[in-house]
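*Asks:* Quick mapping for you: the protein sequence lines, in order, are chains A and D.
When the letters of the first sequence are read in order and numbered with the numbering used here, they come out as residues 100 to 422.
When the letters of the second sequence are read in order and numbered with the numbering used here, they come out as residues 100 to 422.
Take these hints with a grain of salt, some might be off.
The list treats identical chains as one, so a pair stands whether inside a single copy or across any two.
Cut-off 20 Å, straight-line C-alpha distance, at most; resulting in silico cross-link-like pairs (EDC-like, lysine to aspartate or glutamate) [what the hints assert, rightly or not]: (1) LYS401 - GLU368; (2) LYS401 - ASP298; (3) LYS401 - ASP138; (4) LYS401 - GLU127; (5) LYS401 - GLU299; (6) LYS401 - GLU124; (7) LYS401 - GLU366; (8) LYS401 - ASP110; (9) LYS401 - ASP344; (10) LYS401 - ASP123; (11) LYS401 - ASP101; (12) LYS401 - ASP125.
The hints are simulated quantities; they were obtained by calculation from the structure and are not laboratory data.
Protein chains: 2
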Amino acid sequence: MDLARRVRTGDRRALARLLTLIEDEDGEGLVELARLYPDTGRAHLVGITGAPGTGKSTLVNKLALALLAGKETTPVGVIAVDPTSPFTGGAILGDRIRMRDASMDDRVFIRSMATRGALGGLARRTADAVQAVDAAGFRHILVETVGAGQAEVEIARLAHTTIVVEAPGMGDDVQAIKAGILEIADILVVNKADLPGADETVRALRAALDLGGPSRRERAARSDGELWTVPILRTVATRGDGVADLVQAVESHRRHLEQGGGWRSRERERARSELADRLREELTARFLGGLGDGAWEAAVEKVAERQVSPRTAVRQLLGEAVE
Amino acid sequence: MDLARRVRTGDRRALARLLTLIEDEDGEGLVELARLYPDTGRAHLVGITGAPGTGKSTLVNKLALALLAGKETTPVGVIAVDPTSPFTGGAILGDRIRMRDASMDDRVFIRSMATRGALGGLARRTADAVQAVDAAGFRHILVETVGAGQAEVEIARLAHTTIVVEAPGMGDDVQAIKAGILEIADILVVNKADLPGADETVRALRAALDLGGPSRRERAARSDGELWTVPILRTVATRGDGVADLVQAVESHRRHLEQGGGWRSRERERARSELADRLREELTARFLGGLGDGAWEAAVEKVAERQVSPRTAVRQLLGEAVE
């Protein structure tokens, strides 16, 4: 059964199967995925991130439907990453409930990813899932994450375009700046813009953008040769207000990247980070596989008992392997 | 200048210096830290996490002061981790503004950590910082993080006791559960409990705790031999309401861990994860150092151009090094 070939033709069931294999880190599935690699690199990857309560999922839903409008032949993929349930490894139904509009349109393909608690593992599996959906011919892939932190940095590495969603009343200005992860934003959205406080939120975001330091805009000017001005948009996702403007901003950012060399430099950054991730993991697996029985557990025990420092224990493990 | 010895005597300036060296990943600083390792393991590490806007920083402030009450000889350390500013690498003043009560009491030592964008690097530097503060004789160390996600999983690995802070009106029930990172909580706090909706939030948390699946409580029963019932406390941190109960819950969780074997099993888990982290990094650094000039960049380029898959590129790099 040539799963890769079926995925390449856009077979949804084959894609779903491949994504399950990816989530399970199944060896054969990963071989199939590697076969698909030459078919990837065509999708526009859009990351959407923001704190809980900003209405992000609803916005993703509406954005997916708006990207479809009038383009029957280019379905939209949505990958919802849930890094908030590390120990159960199960995504909760929240996204799917919220996504019912989009999921009832069969031109939208939705998949939730759950973390399994492995450091960095979620980023790699998400990158793999994006590649699978990309190879299946989707021209827009929306990757939604919950929360603020490491996961968002990784999305910024993964995505061509990163949308950061805020909402009025999510805390005072200091919090907004702190939680804003503004440096990774290509587009800022104030959702729930019909609520009191929307003007203040827009003002706080603008002030934060204008603050000194190496903002995304300046970085863009340095690395991509051209300046991108981060727009601050207002939406009311539940009513669809402002979603058309958001689609325009997404398309405009894509053109900006393509014209200014940013597309290529982001592809290279993505390749670098994925390669480093995989290399790190493979080296560790090979090393641990070559250690003597019980050597790893003995080192853990010595560190836990404060007999040696972690630094010394690593040296000892490395020395052991060299002998 | 024997920095380690000065830190060991509780010299605050020496501690601050060592923490700066740790943040800079300075080689000599890390040697000093390794010397201090036998002096660590005595502090009670308390992680405090929750979404932006929950009033977490104010609560940490009040908790630090309450832990001090009547115990002149045991200062409290606070490490505020800010994973939301990955690209500037600079912690914003927010925490310090909010922490002014505690920072005016010289028995509280406060330090902000900023991320430098390195995957996993923040967790390691935070673990190092905690060790330094531990060796300096602090008996309580509060580690505060922003956001929800990977960083919180790592805090759960680092801390003996993890407090998850929620607030009323941070989104509906589905969001609350989704963002709740409930599985890592040893103590749940509904802060801003004087706001409307506090009862609903408590109810939603209790319902989520009662849901099936391997919750923290069940895990505790399996690995530590004894059941810990996660309490749900109400606080109004700005007024100090409920903070005394929180101190009691923290102390009670400590006793639970010490009596049931949980303290020891958490130390072992921490050692394991720190050792794995360091090993991974050291292996990668050694491998990259041994590669031929330009081999790494050439591999990145081939992957970015879709000439080879990341999987194949890693194999080729490993093969090259073996020859």
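*Asks:* Does each hint fit the structure? Answer for all of them.
*Replies:* Hints and how they fare:
Taking the shortest alpha-carbon separations for LYS401 and GLU368, only the inter-copy value of 12 Å comes in at or below 20 Å, while the best intra-copy value is 39 Å. Taking the closest pair of Cα atoms, LYS401 and ASP298 never come within 20 Å of each other, the shortest separation being 57 Å inside a single copy and 47 Å across copies. For the identical chains of this complex, LYS401 and ASP138 are inter-copy neighbours only, at 14 Å across copies versus 48 Å inside a copy, given an alpha-carbon limit of 20 Å. When the C-alpha separation of LYS401 and GLU127 is checked against a cutoff of 20 Å, the pair qualifies neither within a copy, at 38 Å, nor between copies, at 23 Å.
With identical chains, the CA atoms of LYS401 and GLU299 are never at most 20 Å apart, being 54 Å at best within one copy and 47 Å at best between copies. Taking the shortest alpha-carbon separations for LYS401 and GLU124, neither the intra-copy value of 32 Å nor the inter-copy value of 24 Å comes in at or below 20 Å. For the identical chains of this complex, LYS401 and GLU366 are inter-copy neighbours only, at 11 Å across copies versus 43 Å inside a copy, given an alpha-carbon limit of 20 Å. For a Cα distance limit of 20 Å, the shortest separation of LYS401 from ASP110 qualifies neither inside one copy, at 52 Å, nor across copies, at 28 Å.
With identical chains, the CA atoms of LYS401 and ASP344 are never at most 20 Å apart, being 59 Å at best within one copy and 37 Å at best between copies. Taking identical chains as interchangeable, the C-alpha atoms of LYS401 and ASP123 are never at most 20 Å apart, the minima being 33 Å within one chain and 27 Å between chains. For the identical chains of this complex, LYS401 and ASP101 are neighbours neither inside a copy (49 Å) nor across copies (25 Å), given an alpha-carbon limit of 20 Å. In this assembly of identical chains, the alpha carbons of LYS401 and ASP125 never lie at most 20 Å apart, being 34 Å within a copy and 25 Å across copies at closest.
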